[in-house]
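Listed below, chain by chain, are the residues.
2 protein chains.
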Amino acid sequence: MIRKLSMADASFERSPGQDDDVFAANLVDQRHGGPITIGYGRYGPNQGLNEKLAVHDVMLVLEGRLSVSSGDVHVTAGPGEIVYMPKGDTVTIRAHDEGALTAYVTYPHWQEPGAA
Amino acid sequence: MIRKLSMADASFERSPGQDDDVFAANLVDQRHGGPITIGYGRYGPNQGLNEKLAVHDVMLVLEGRLSVSSGDVHVTAGPGEIVYMPKGDTVTIRAHDEGALTAYVTYPHWQEPGAA
Chain V
1 MIRKLSMADA
11 SFERSPGQDD
21 DVFAANLVDQ
31 RHGGPITIGY
41 GRYGPNQGLN
51 EKLAVHDVML
61 VLEGRLSVSS
71 GDVHVTAGPG
81 EIVYMPKGDT
91 VTIRAHDEGA
101 LTAYVTYPHW
111 QEPGAA
Chain P
1 MIRKLSMADA
11 SFERSPGQDD
21 DVFAANLVDQ
31 RHGGPITIGY
41 GRYGPNQGLN
51 EKLAVHDVML
61 VLEGRLSVSS
71 GDVHVTAGPG
81 EIVYMPKGDT
91 VTIRAHDEGA
101 LTAYVTYPHW
111 QEPGAA
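Chains V and P, in that order, give the protein sequences. Just so you know, the first sequence maps onto residues 1 to 116 in this note's numbering. Just so you know, the second sequence maps onto residues 1 to 116 in this note's numbering.
DSS-like, lysine-lysine: derived pairs with alpha carbons at most 25 Å apart:
#: 1; chain 1: V; residue 1: Lys87; chain 2: P; residue 2: Lys4
#: 2; chain 1: P; residue 1: Lys87; chain 2: V; residue 2: Lys87
#: 3; chain 1: V; residue 1: Lys87; chain 2: V; residue 2: Lys52
#: 4; chain 1: P; residue 1: Lys52; chain 2: V; residue 2: Lys4
#: 5; chain 1: P; residue 1: Lys4; chain 2: V; residue 2: Lys52
#: 6; chain 1: P; residue 1: Lys87; chain 2: V; residue 2: Lys4
#: 7; chain 1: P; residue 1: Lys87; chain 2: P; residue 2: Lys52
Partner residues aside, some chain P positions facing chain V, computed with beta carbon under 8 Å:
#: 8; residue: Val75
#: 9; residue: Ala77
#: 10; residue: Val83
Bear in mind the hints are in silico, worked out from the structure with no lab data behind them. Every residue, glycine too, gets a C-beta built ideally from N, C-alpha and C.
Construct the complete structure from the given sequences, taking the supplied hints into account.
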């Protein structure tokens, strides 16, 4: 069944294992039986994270600006732009002064069933 | 390797099998070796399409407004909102008067390797 997703429906939680003000809210995930996770992300000003990606991750910037680095590759994305981060890459994501709001899609799910 | 995707890089083509002014531009797909397709879509004013989904499709509205119907479910999405359309559903998507720009992610790829 089709579903409409909106940031108004998002319950943000601090990204697991992160100290910075980086929050994620899954709206579609392993609980819904499909193969992909869909959610919204929120980054405080100059906040970010560093992690090795266990899944393929598509991040679309809705507001603000984010820089992403992986090895020698550095990109900066603003509203309407997308950063594609393949599984296995180690990435550093950092918001600029104004923070950022994002939407994300991952394949497969980044949260395991039963995880908090 | 991470990649930044922007509508400025999109080469829009009319959606296969459609007569309306609905255009799609894949930026990441089967050519790149991963499991997902990422692209941008463009709908003219009041233009749309009807199809049975061969893949799971996530559509995020960047500009304008779109209504999506599937069976008894009808949703309308505007900027920053997402419509999740699972594989197997038959959907009717129609832009409102101002047309629409979207970003989409599909799993698996909606274009087969070798297709036009």
